[in-house]
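Following the hints, complete the assembly by docking chains B and C onto the known chain A.
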Amino acid sequence: MSGQQAHRAGPGWFTRVFAHGLSGWVTLITYIFMLAPIVVLIAFAFNAGRSTVVWTGFSLDWFEVVWNNRHIARALQVSLIVAVASAAISTATGALAAVAITRRQFLGRDALGAALAAPLVLPEIVLGVALLVFMSFMGVTLGYGTMIIGHVLVSLPFSTLIVRAAASSLDLQLENAAADLGANEWQTFRMVTLPQLMPAIFTAFILSATLSFDNLVMSTFTSGVGTTTLPLRIYSMLKLGITPEINALGTLLVVANVAILFLVMGRYLPLMLKTSRR
Amino acid sequence: MTKPKILLAASALALIIGGPAMAEDLRIFGWANEMPDQVIADFEKETGITVTFDTFDSNESMIAKLDAGATGYDLVNPSQYAVQILISRGTIAELDHAKIDTYDNIGPSFKQVSYDPGNKYSIPYVWGTTGLAYNKSCVDEPITSWKALFDEKYKGRIYMLDNMLAAYIAGLQVNGFSANTSDPAEVEKATETLIAQKPLLAGYNSTNFADLVSSGEACIVESWSSSVLQAIKDNPDVVYVLPEEGGTMWIDGYSILSDAPNPDAAYKFLTYILRPEVAAKTTELSQTATVVPASKALLPGDLANNSAVFPDEATIANADFILDLGDAMKFYQDGWTKVKAAQ
Amino acid sequence: MLAPSLLLLTLFVLVPLCVVAAYSFALRDSYGAVLPGFTLDNYRDLFQAAYLQVFVNSFKLAASTTAICLLIGYPVAYFIAFKAGRAAPALLLLLLIPFWINFLIRISAWVVLLGRGGLINQGAIGLGLIDVPVGMLGTYGATLVGMVYAFLPLTVFPIYAALTPIDPRLREAGADLGAGPAETFLRVTLPLSLPGVFAAALFVFVPSMGVFAIPVLLGGGKEIILGNLIVQLFLEFRNIPQGAAVSVLLLLISGVGILLYMRALRRVEAMK
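Protein chains in written order, with this note's numbering: chain A, 91 to 368; chain B, 44 to 386; chain C, 2 to 273.
In isolation and in its complexed conformation, chain A is listed as follows (with noise of 0.2 Å):
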């Protein structure tokens, strides 16, 4: 007894560091660290002056600048277009083809599953001259479906790697026992498998959207006339300096993004508490 009393000696403090303190303090300072800034940027949208360092009083005018600034409401609709259309397909397509890899044993197997996280290993932007180069060929015109195309192929690795991490930690038990219950393949997935799924396809299509909404380089070579999206407006934006209307941008984005969440999540939470309480 006194034995294992001194091999737990060991673990004491592991477990007052690790398990209950460090997680949690790491957490804290990370968060700090990636909302700070956030909060300090939220803050000077309401600057009055033309400053994002020196406060010179609450004004809300940077907003009314914003609001009349049409090239953003129309960069605005070109990005949610674009974001929602691409992390449908990118999703769909993944979480199909993380399903097979782990699943099935197949001739190709680990290629495809390279393949796959392919767009990763390539600097997006040699995807965008690739894809570019390649639709000029076809004689493509630039403009939506190419810049889809393109988020695409960009978050098509992010949505496949996390519904295939969370495929290959699924209990296979209840799988076999569908098959054992005489349930063909298709079945099983949309039975089985796909509910047991729906926390990292649900990941998936939020990071892909967020990838999609955020991207600037493979934009930059497959945007035609007329999709000029957010982010390519505000690289232009920039090189008029960074003023408070940057900033009050900023503000209506999380202020949207928090609004679009909380409809999303309505719907979601539950889904995803029941997973965690499992």
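It cannot be assumed that every hint is accurate.
For the chain A half of the interface with chain C, some residues (derived, Cβ under 8 Å), not all of them [claimed, not checked]:
#1 Gly139
#2 Thr142
#3 Leu271
#4 Asp304
#5 Leu330
#6 Ile332
The hints are simulated quantities; they were obtained by calculation from the structure and are not laboratory data.
These numbers come from a predicted model, not from an experiment.
Note that CB positions come from ideal geometry on N, CA and C, so glycine has one too.
Same frame as chain A, now just chains B and C:
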């Protein structure tokens, strides 16, 4: 979940198939922040034409995009040496001056530009210079020479433009060479100068350098005149000068693309922007000089007399004018690669 | 199940990449147009001292970014997965907020914070830690801060996704058999979460070599990495063949990385 996804995929496909916009539209590919939104909005109101204005940030990336073809723009906004490249590629079409009623408003010197004599392919519109900007609060004497960018005194407070041709302007002229040289030995010397300068720099920047000098983060920056004038308006400590070695002058104009879907609207736009009152509005809102001399009388006095916007004749004559360097470009590129990789 | 991904990959990755590979052996004229022909010069040029320095810079930055992101990201993912309870979804979403603000606005927020007149300097002066503002922009540290800021959420998500499905009964079983928390962690939790860790490392290491805006806006563009080199070759020099050669080389380097990832993943899956 899968059904809405399929629907979304289908609507995305519909978007892919759905072609470009309607005929009474004008599609412009231009420099970011040189054409004021107000001018475009006024043009739309007067003509009923809807303008789509997409932007680029360097002549090189603009050419790369147009090279890929099939972009569907009507008007493009190249600088002088880029006009030469686009002409050689057949990307831009010869202009019909008869369709531009206001063509005669262009100042005489801008009608005989060396890169496109007689404006056959491009209508010059705005022009400016490449020089340096400094913050009076952190230098103790007026800066008049490129040498300040190479001065140990300002170590860690200097930014160079993150642009090959721009950086070589300073590197060449500080050695007494022309900024438009194609002599490999001169380029080589400039490369050495720029490598030796690197430890003094806070960095290379062609995005927010005006902010950096205005906030005092930087004391001296190499700068395009148009980019720093807003900062000068807000902060009287910021000064823009063309260095005594000369600096350079640049012109950004408009050209109609060979495959423009709507050249008529493009001509209407060119006619519109060359009106003196429209040109004056452009100068007022973007702090950049236009090629329309008659517009100067319509400007507020302090702007018309601002030597950073309108340098005098002697200063302009002293400045270099960067043209397409053709094969000599390789010397610059090899040198710039060494500069950027140096420790 | 595989048709959509195969179609996408073949048509929009494989074929365009073949074009890039073909271009890496091509010639060009002085205006940047690609000429048909075959040359190895584009690869020979990669051995110039200047290019080698860029490779070293890239590897150094990618490795340090990945290491820091994993060291911070794992405890955060662990906390969210096992300690946060009902707050977990909210914490995950909070981590995404910076993303929705836009990459450039985020970086410009750091430009402002790290500036001589920025809050960090003001705060340090106010606390009496320093007398004069310290120049932080244009340093390697500033680049690293920006890189970690950009990539950290990408490490938390895959690790979290691998941690959550771990059956709590397995961890309880470990404890019941007399294993301490450290042993449970090292022998149950960590091995089961390794696929997520590998994915996270892959998500950070490879893209971070292709980044270009952060070294420019925060690091002053003085220590350029492969991303900057490719931008320069494709967009500034319009030297598509040379840019293609750099891209092919980067593809090969990254290919090694992904093979290591695959092997590690298979080993972990086999362990079960």
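Okay, which hints does this one fail, numbers in order? Per hint list: 1, 3, 5 violated.
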